[in-house]
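Peer 1: So the chains spell out like this:
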Amino acid sequence: MTELIFDHSHPGRSNGAQMLPPAPEPDDLPEALRRSERPRWPEVSELQAVRHYTRLSQLNFSIDTHVYPLGSCTMKHNPRACNALAMLPGFLERHPLAPPEAGQGYLACMYDLQNILAEVTGMRGVSLAPAAGAQGEFAGVSMIRAYHDARGDTERSEILVPDAAHGTNPASASMCGYKARELPTDEEGDVDLDALRDAVGPQTAGIMLTNPSTVGVFERNIEEMATIVHEAGGLLYYDGANLNAILGKVRPGDMGFDVIHLNLHKTFSTPHGGGGPGAGPVGVRENLLPYLPTPMVAEEDGRYVWRTEADCPDTIGRMTAFAGNAGVLLRAYVYIRMLGRRGMERVAEYATLNANYLMTRLREAGFEVAFPKRRASHEFIVTLKREHDQYGISAMDFAKRMLDYGFHAPTMYFPLLVPECLLIEPTETEAKEDLDRLVEVFTTIREEAENNPELLRTAPHTLPLRRLDEVRAARDLHLRWSPEDSEPATGTEG
Amino acid sequence: MTELIFDHSHPGRSNGAQMLPPAPEPDDLPEALRRSERPRWPEVSELQAVRHYTRLSQLNFSIDTHVYPLGSCTMKHNPRACNALAMLPGFLERHPLAPPEAGQGYLACMYDLQNILAEVTGMRGVSLAPAAGAQGEFAGVSMIRAYHDARGDTERSEILVPDAAHGTNPASASMCGYKARELPTDEEGDVDLDALRDAVGPQTAGIMLTNPSTVGVFERNIEEMATIVHEAGGLLYYDGANLNAILGKVRPGDMGFDVIHLNLHKTFSTPHGGGGPGAGPVGVRENLLPYLPTPMVAEEDGRYVWRTEADCPDTIGRMTAFAGNAGVLLRAYVYIRMLGRRGMERVAEYATLNANYLMTRLREAGFEVAFPKRRASHEFIVTLKREHDQYGISAMDFAKRMLDYGFHAPTMYFPLLVPECLLIEPTETEAKEDLDRLVEVFTTIREEAENNPELLRTAPHTLPLRRLDEVRAARDLHLRWSPEDSEPATGTEG
Amino acid sequence: MPFIPHTETDVRSMLDAIGVEDIDGLFDEIAGGLRAGELEGVPEGMPEMAVNRLMERRAAQEGRPLCFLGAGAYPHHIPQAIWQLTTRGEFYSAYTPYQAEASQGTLQVTYEFQSMMAELTGMEVSNASLYDGGSALAEAILMAVRGNRKAKSKRVIVPRAVHPHYRDATRTIVRNQGIELVEADFDRSTGTTPLEQLDAALGDEAVAAVVIPQPNFFGRLEDVDALTDRAHECGAQVIAVANPTALALLSPPGQWGAKGVDIVVGEGQPLGIPLSAGGPYVGFLCTRKNLARQMPGRVVGRTVDAEGNTGYVMTLRAREQDIRRSKATSNICTNQGLMVTAATLYMSIMGPEGFERVARHCHANARALRDELCAIDGVSAAFDGPFFHEFVLRIDGRPVTDVLGDLAGEDILGGLALEPYYDDLGDAMLVCATELHGEDERRAFAEALARAVA
Amino acid sequence: MPFIPHTETDVRSMLDAIGVEDIDGLFDEIAGGLRAGELEGVPEGMPEMAVNRLMERRAAQEGRPLCFLGAGAYPHHIPQAIWQLTTRGEFYSAYTPYQAEASQGTLQVTYEFQSMMAELTGMEVSNASLYDGGSALAEAILMAVRGNRKAKSKRVIVPRAVHPHYRDATRTIVRNQGIELVEADFDRSTGTTPLEQLDAALGDEAVAAVVIPQPNFFGRLEDVDALTDRAHECGAQVIAVANPTALALLSPPGQWGAKGVDIVVGEGQPLGIPLSAGGPYVGFLCTRKNLARQMPGRVVGRTVDAEGNTGYVMTLRAREQDIRRSKATSNICTNQGLMVTAATLYMSIMGPEGFERVARHCHANARALRDELCAIDGVSAAFDGPFFHEFVLRIDGRPVTDVLGDLAGEDILGGLALEPYYDDLGDAMLVCATELHGEDERRAFAEALARAVA
Ligand SMILES: Cc1ncc(COP(=O)(O)O)c(C=O)c1O
Ligand SMILES: Cc1ncc(COP(=O)(O)O)c(C=O)c1O
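Heads up: the sequence lines are chains B, Y, H and W, in that order. Start counting the first sequence at 1; every next residue gets the next number (the numbering used here). Start counting the second sequence at 1001; every next residue gets the next number (the numbering used here). Start counting the third sequence at 2001; every next residue gets the next number (the numbering used here). Start counting the fourth sequence at 3001; every next residue gets the next number (the numbering used here).
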């Protein structure tokens, strides 16, 4: 059990090296507007802070320390050069409102990045503004709406979404004022085409698809689906979260998509940072160009300039105050320049190889995969329904036990349509021997499930904490420290 | 048990981002001089290397993660600013042979540092050349020799060294061609004055002293000792390893020392790095100025220039190929500029406060300190002789058990003259509450020694490894990996 | 092969296990016609060494100008410890803490962040971050409209003195949900939002929420107590948009007016995050405990493990998109985790007193700078009254953009021209000073400005 | 108080526990007359922010010239991962692994370093580092004299083609132990050490050791097999001084001549360590297993714990100063641990093939550069024969120092003037190229040099 930084705090302790000389009282500020008490932030020395956060960091599983096959999240190696080069002082100190003349270097990178992303996705234009995948989706659906609106086609009220879609898809549709209508998945993992035909109509604004889909297979009817939706007057949205599986192999634009977003923190290996920041650039076909979110970078007479609302009267507007997660974009750019054209295809090739190999080995080991007749994309689903029924253990129990063996668990219970499922994405940066180890661990845990299911139900056992009580956390809300928490005498339950 | 990086190696695996394009065969190099086989270095991916070394790092205790009261080593906080600012590209890319005109910034720092170190030690001149404490000692004793030689006083053959001295002292004396003659310590921790009087004579080249001494007390007779040695024609050498205790309070120059070295990796908080790099600048009085090791920095007409052998014909010469551990010197400089004049004195004050408080508390808790009538300097000695005799545990057992409680152990069995000793140096950067915890741990471990001494003898218990067999390591020498070690089938003992 | 560990032997044995001839065989479910050709627009890969050089060159093009630009992104001193720790692999390369037991580092840092932000804003709870200050305002508005069932209104008052980019982002984000954003004008002489303007905007209709900036976009301090109370009287929720550094000196929104505000949002960039061309930054959102279930985004809560030890987990998950899907409080998923780590370290390392000193220096330097610049002939302050660390200047005789151009020529970013944002304000510029702008920096600016306006 | 955590309450209660009035009371054993006054020569302390600024300014003064200086310190590409990992607190702020169980990180890294260095040099064992290449040569000489009991000699042959600074440092370090350093001259047309010169230096007396550089200071390759064999014939031990990058292409010293050398030392800086004005670098020393007990410095060995698990400890400690005191093999204690970590990471991350490519590029670029520069009128190569990545040029008509001055004016460090080191060599300069010096860099140099000699 680790102490909070507040537990190291003592009144009057300070960090002298950060203490500026005393400054005059701000006595020109009206008394009524002034703060009377300092925030009760921790008062600690630099060493205490360094030690506390260094030790805290060690409590995390991370790509840098563990195999992390978290499906849908593409937890691949984050090359250290990306971090170092995005943090060069020239970039870090650039003010977002600095005029282009003050420095062209950053804009040059962004301009290149827009073009490269357009090329690998087969789209006409790209905006780097959205701060993450969900914001990319929002921007994309907003553009669909703007497109229909501009044509006076204002009765469209629905966005179609496969039942297996990521939660951000329906949530983004809602935020754009659309109703999300679900489409069933057929037993081979494709979207049910008949259901799609039934669902489309004049109310259809568009469809959001992930391809390869969130069940880990390539949507084979994609061209037909595109025709159906387009014929109904709807547009196709591509959720790029799974682009890693087909990077450089198949371009969303060539599949018929009108608008896409990419997750640079997946496919382009920018760090996940314990939950962001990400970056969710959007790309569009010709017909949606006017609506791209601002700002963007353009080239004019050999110089790079910003394009803002003033230049793009039909834009859906800004997504954040400035130009998106610039530092993340720079990291992706560095990654792309190291990989290059051929390196991108290799990403898809080896991500797919790893997933199919692992799927094959796990099947051989007797695990049930959700879509056994299909190739895996860069990920695949194992269902533990049988183990659940036979041994009374859940996918969660299995996942927690994996932690004991030094593997981060796969994504659990997503997509919802497969019972007791684990969505497994090894990524291209893991070595074969580690996949082999993973198979061994799966096998061992299943033996444990058979012989001693309690071991799984009470896992993890080797980490600093045992299974955490999530129900209690939500029932008995403690969302912040308060001073009583640090007083040894009183309340363990403050 | 952690695998070696070699165990992750597979033939033909490579780290593509570091792979330059193929270059022509070096066919101009005579065949006989060319290498026929590549070194069997590991062939791993960047991720494998990052993961391996990240995980390895986590196996270390360090100041950033643990209280580290390792006596004589001054394991205090290494401010992160020192690291960051010494690694600014302008400094990192400076070539050691770049002419002064190419950049004055680095030289300016070194010039300042020379002067500041001279001021805090009370010496006339300082050279930053020695790479660590031991090299500083060597340089110092070499200067003593050069001084005597220059006066034609060539019969002096001995350097006096207290029996409690650090091993580097006699070893450095030997390297300078002197015999090291030991002086006993009296029961209050001072050097035995009568023995000193007996020992000095025409054969005495000088004396090496650490003050406060390695037994953790201030040598009270220092002025008298200086007189005795000086009257015999010898010079006084100050081992600055313990300067932390008196920084800004007492200056070696004022105590009568002729030549000193400092350990910047102790007193000036440059990192210990798992065993270096350090820096061991030397300072001298007027009479030894001509012998200082090269290079040094001088100011001429407002510009900084190097002084090398050409300018200093009597120098003892270079200590290393270039100008010492420049990056370490920069870190010390940053530290000094943050601390400033008053901050330096505070170092001594709070280091001494912490040591005396901890000593008091441990005595109250029933531990025996080696010199109970004395003030502690920045460190002090606990002897576990009683516990050894009563419970059959050793200082080593006690130390290993401390690791289980998350404290790095104090220095064990040094100085040798105190049986079953622990030399404890908390440093000024540890907080009172951590010293209090340390007292609790000491008390708990003594209870364990009483009730269950086996627990100590077999400690540590909570670390990834149990007690390591040092005898076997020395007997059965394995100083390097060889390919058989990584083949699963064969020899666990290659 | 950059970042791919496979040897030829590996590939061969993996393909054999799968039972395909070659890697291409793994793509056999994809219709041939869909397969992409050569990606001609993507350059060839380069070794890290060459990319280093490219990026070094591009970064060098940015130079390192003396920056008096603020307007929502502020140059501050960032203690060196912060990013050395934040970029540790265990923070940097972990993801959202779905497996709580294997993510206590991230979870506890986030819990500490929530605690410190709640303390700073004077609110009961905080979420775990939003993308940035601008999108956080939009989320706060959606939350207020959702939460304020009583008002049955979708009208929200947003003063013109709120950052224009925040208003843009908000428009983008709330536009399709039937929310009406009503402007409240500012006073031309004070640069603040007077009660009368709020009243004018409120009108007679019901209002869901009122936004109050502090300091406002012009750097000026609003009369937050009066505005808050008036909004509450009208049944509106109050959303504060606050600069965290300013809150070291200014009354926390939780204490504005009689009851305190309902939601506080803002940009966390000043808390140890570099300017970095506009991001990644970190939006924060704090609120009352009873509104916690309306919050967008992640929240971390304290709980216990099977043995009763304290630990941390993501909680109130039922609000979120992965569970509630189209009914979620927001679509946000990935947020700004690493920036939360940096900000938490900043707050810990500065401490309450160190932070207050920073704020005082910002304020003192800004006052001094305004006086020094206004001592130049032809330069005057546009607004009267107290400000935090930004102020608006007018320049006689030369267009602001020309003056800024001249300054840029001397490697000084002198401020932001306001005309593009407020065409009715006339020619003016917004200038900022922080703790970085001591005497030397201010003198350099004043001398260059004197030359530029001469 | 920078870096001191004590509150006033802490201090009070600590003083009470000790039983003194104030902190000054703790210094009461020190005679009053010894107490220092105000340290006037030490500047006042500054907050980190101000020190940042000072150091940024000083670093900026260094500029970032295009560097063709080598001469013992070489600009190379350093993969970004290396220092991001090396400066992790757990490596950076630990000390010598005295408590092995709590230091397996450092110990295992060191063991890996020893293994890789032994592989690179073709020797059986390596130590855990010495200060740098120069002092390592001195230690090797002391070790050879100690180890070569047969020879009963303290004469050591050191060719003049060994780095002059290494020879200086060696002189400093061995001077007081009765060791005689005998020079062997180089051939004026080839720049190498011919057998005849070795023979001349050997003379008829016994010799303890012969030093052989590869490449030598002039970048030239020595005939190492012949030199090694001749030295062995005379009963001398052979000490190689080798550049690690060159060893990617060149025969490892363990294979020189019939029996291989006895000791290899050198400078590890090219293995991922920045130039950094000359340090910290890392000296390496490899030898035969039967000489291991003669080695100076730390050594790490493999062992097992109480349960039979593999682990690592410092071993052969009885050689060292803390145990053997005045009889130790060396006085070295703190060595260059963190640089060992960096070098180990470099070797792991480059891998054998990546490293070989680096060496090939160094060599190819150096050849190309020599040809390009020698195509300039008045510029010629001083020596014939193969070289690795350095070569010596002569310039007609202008003193080398003037030419170098002109180049420096164009932000190019063109090389090292040799006259100060070899007054009998005449006016010449030593130039280096590495993998960093591709066409663009070489062209810039050639153009500037053409201007300078014109
Ligand atoms: C399939 C899919 N779509 C969308 C998203 C949302 O992306 P983000 O988390 O960047 O908002 C995710 C990521 O978690 C995803 O897996
Ligand atoms: C008292 C004393 N003298 C000298 C030294 C030697 O210093 P270094 O390890 O830097 O060579 C030490 C350090 O270990 C020491 O404690």
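These are calculated hints, taken from the structure and not from any lab test. Incorrect hints may appear among the rest.
Stated by the list, open to error - Listed next, the in silico DSSO-like pairs over lysine-lysine satisfying Cα-Cα at most 27 Å (straight line): (1) Lys3289/W x Lys3154/W; (2) Lys3289/W x Lys1179/Y; (3) Lys3259/W x Lys3154/W; (4) Lys3152/W x Lys3327/W; (5) Lys3154/W x Lys1179/Y; (6) Lys2289/H x Lys2152/H; (7) Lys2327/H x Lys2152/H; (8) Lys179/B x Lys2259/H; (9) Lys3152/W x Lys3289/W; (10) Lys1373/Y x Lys1249/Y; (11) Lys179/B x Lys2327/H; (12) Lys1179/Y x Lys3150/W; (13) Lys1179/Y x Lys3152/W; (14) Lys3150/W x Lys3327/W; (15) Lys2327/H x Lys2154/H; (16) Lys3152/W x Lys3259/W; (17) Lys2259/H x Lys2152/H; (18) Lys179/B x Lys2289/H; (19) Lys2150/H x Lys179/B; (20) Lys3327/W x Lys3154/W.
Peer 1: Determine for every hint whether it applies to the structure shown.
Peer 2: Cross-check of the supplied hints:
The suggested pairing of Lys3289/W with Lys3154/W holds, with an alpha-carbon distance near 23 Å, which does not exceed 27 Å. The hinted pair formed by Lys3289/W and Lys1179/Y fails the criterion: a straight-line CA distance of about 30 Å is larger than 27 Å. Of the supplied pair hints, the one linking Lys3259/W and Lys3154/W holds, its CA atoms being roughly 22 Å apart against a limit of 27 Å. Between Lys3152/W and Lys3327/W, the direct Cα distance comes to roughly 19 Å. Compliance with the 27 Å bound is thereby established for this hinted pair.
Distance restraint check for Lys3154/W and Lys1179/Y: the Cα-Cα separation of roughly 19 Å lies within the 27 Å cut-off, and the hinted pair is therefore satisfied. Between Lys2289/H and Lys2152/H the CA atoms are separated by roughly 22 Å; this keeps the pair inside 27 Å, and the hint holds. Restraint check for Lys2327/H and Lys2152/H: satisfied, since their Cα atoms lie roughly 19 Å apart, inside the 27 Å limit. With a C-alpha separation of about 37 Å, the suggested pair Lys179/B and Lys2259/H falls outside the 27 Å cut-off, and the hint is violated.
Of the supplied pair hints, the one linking Lys3152/W and Lys3289/W holds, its CA atoms being roughly 22 Å apart against a limit of 27 Å. At roughly 22 Å between alpha-carbon atoms, Lys1373/Y and Lys1249/Y fall within 27 Å of each other, so this suggested pair holds. Between Lys179/B and Lys2327/H the alpha-carbon distance is near 10 Å, which keeps this suggested pair within the 27 Å criterion. As the CA atoms of Lys1179/Y and Lys3150/W are separated by approximately 25 Å, the hinted pair is consistent with the 27 Å bound.
The suggested pairing of Lys1179/Y with Lys3152/W holds, with an alpha-carbon distance near 21 Å, which does not exceed 27 Å. A distance of roughly 20 Å separates the Cα atoms of Lys3150/W and Lys3327/W; the hinted pair therefore holds under the 27 Å criterion. At most 27 Å may separate the alpha-carbon atoms for a hinted pair to count; Lys2327/H and Lys2154/H meet this at roughly 18 Å. Annotation: proposed proximity of Lys3152/W to Lys3259/W holds, straight-line Cα distance about 21 Å (limit 27 Å).
Annotation: proposed proximity of Lys2259/H to Lys2152/H holds, straight-line Cα distance about 21 Å (limit 27 Å). Proximity of Lys179/B to Lys2289/H is assessed by CA-CA distance (about 30 Å); at most 27 Å being required, the pair is judged violated. For the hint linking Lys2150/H to Lys179/B, the alpha-carbon distance of about 25 Å falls within 27 Å, and the restraint holds. Of the supplied pair hints, the one linking Lys3327/W and Lys3154/W holds, its CA atoms being roughly 18 Å apart against a limit of 27 Å.
This entry does not satisfy hints 2, 8 and 18, going by the numbered hints stated previously.
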